[in-house]
Amino acid sequence: MSDPPDKRGRIPGEMTPEERARFEGRVSDLGGRLDRVRARQTAEEDADRDAVLRGRGMAYGMRMAAELVAAVIVGGIIGWALDWVFGSKPWFFLLFFILGFAAGALNVMRAYEKMQREFTARTGGRIGQDIKDDDD
Amino acid sequence: MPDPIHQFDINRIIPINVGGWDVSFTNSALFMVLATVLTVGIIMMATRTASLVPTRLQSTVEIGYEFVANMLRDSMGKEGMKYFPFVFTLFIFIFMCNMLGMIPGAFTVTSHIIVTAALAAMVFLTVLVIGFAKNGLHFLKLFVPSGVPVLVLPLVTLIEIISFLSRPVSHSVRLFANMLAGHITLKVFAGFVVMLLGTGTYAFLAPLPLLMAIALIALEFLVSFLQAYVFTMLTCMYLNDALHPGH
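Keeping their order, the protein sequence lines are chains H and A.
The numbering used here applies: residue 1 is where the first sequence begins, and numbers increase by one.
The numbering used here applies: residue 1 is where the second sequence begins, and numbers increase by one.
There's no promise every hint is true.
Claimed, not checked - Pairs of lysine to any residue, SDA-like flavour, derived with a Cα cap of 25 Å:
#1 H:Lys114 to A:Phe164
#2 H:Lys114 to A:Leu153
#3 A:Lys82 to A:Val188
#4 H:Lys114 to A:Met81
Note that these hints are calculated values from the structure, not bench results.
Bound-form chain A, shown alone:
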């Protein structure tokens, strides 16, 4: 049976070693660059001939813009648009990586927890910086809910702090786990097709897992989009907390 984990192997394409650190250009890096270049290319192409009556490409890009802009406005109001470049970049990058991963044989960048953890840590630090810059020490109110008896306040504060610290963990694990699990399931079902074909007598059953694999591909496309959406949505939520601490 083909190894369903093999697709997540990191391979060095251009080995680079800087002062004992391995900073090789890997297949993961290649797909990140690809996602970035493709995004920039598509957006440039679409806006180069920008007109009032948009072409198909231009309206696709405009839908993407409106989608993220609405998400920001819904969660933070108008002042949220200040963070549009950050949030839009996050969304498009994750979306592009997920979608590139759906190409057979391609590498899925977001199926590695180190990538999603880096993205989540970036959001976490941004929230901390914005929170303290905008509210000063008032930002700590986030951990002290109002209307709690003084006796249990230390306990509640402790729980709130743990809850806050768990955000980047769940933020990154969700995206990573979804992509990893989806791609493994897909590979396993595809493997069943090959295995059944090899058995001879039961080869006539092979179309069954094939149908399942096809259905899973459709679901995977949906998950690819949904997870990019959820990641961005949560980013908006956390940024909103940074602007308005104290529930």
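Looking at chain H on its own, in the form it has when it is part of the complex:
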């Protein structure tokens, strides 16, 4: 059973060869345009992710520096206070300054271990490769 031909003698839903050619031209054109838009979008997303990663890297860097310096300062203050109490300048200060440095190194090591665990969890052990962001 077929539809009745319309006024111009065509069966509805059928395309003439010219129409088909034009239609296919439009389709492939649309495909090209979509590809271009997609390429632009991924480029933008990559740039965004770069910025986020750089910001995160800076945050981590600052964190490491703060961890180290904070422990050295706290050690120094404790030593200085003990010296002040016992009147033994500068021995406690020297000792605790060095201990503070050790504590700082410990802090940095711990922070790094934690960071690495996070990265390993997020990348499945492929550290150094593309890191999936939380929100994508």
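Got chain H; can you put chain A on it based on the hints?
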């Protein structure tokens, strides 16, 4: 050149003096109140008409809730949700203060170390109280790592104690230093624009630092969020130590 430090000046808005103590209502206090009122206002507005299909405002607030809740669950598991009110308040307050500071001419509360130090001290004391309340003297195990030869144990314990005491310092300095440095850099680059415009011959170079300032503003927004996140993240980590001492 405009003074890049000037933006951190504390001004008394309503001078108050109680028994020789200066407890004036300052611009810093104003912005803290503003951050609190805005947060409460936004959350009330969003949840007043709470529905299954959320409005834009409601989903924004829900994202904030989920964000902090996930952070807690990731670091402490389900029992961490007990501390949700504390941690969520910390995060939202710091986030709001940082973001309010990004408004040109606004005061950045978190760029003063006394504010971040107070916040960090609050976390530190909370960890101590929870640690001793939950574990009693077992909490001190935090300072005595297992599997260390007795000979070096006193030394290691001493180092662990210093490491523990350094936490509030690094906790507060990080937030404060990031906000301070970011806002100064921004002001300095903005100052370059004005200076170059004033030189006459080299005025055509003025757009260069302007572009830099624009890029820095974007970075500053990121830092504002990241530092609030890092502060909260570390709070979760320290709370986890309080619940489960002994690494």
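Checked hints:
A distance of roughly 16 Å separates the Cα atoms of Lys114 of chain H and Phe164 of chain A; the hinted pair therefore holds under the 25 Å criterion. For a cut-off of 25 Å, the pair hint linking Lys114 of chain H to Leu153 of chain A stands: about 24 Å separates their Cα positions. Among the hinted pairs, Lys82 of chain A with Val188 of chain A is inconsistent with the structure: their alpha-carbon atoms are about 44 Å apart, more than 25 Å. Proximity of Lys114 of chain H to Met81 of chain A is assessed by CA-CA distance (about 21 Å); at most 25 Å being required, the pair is judged to hold.
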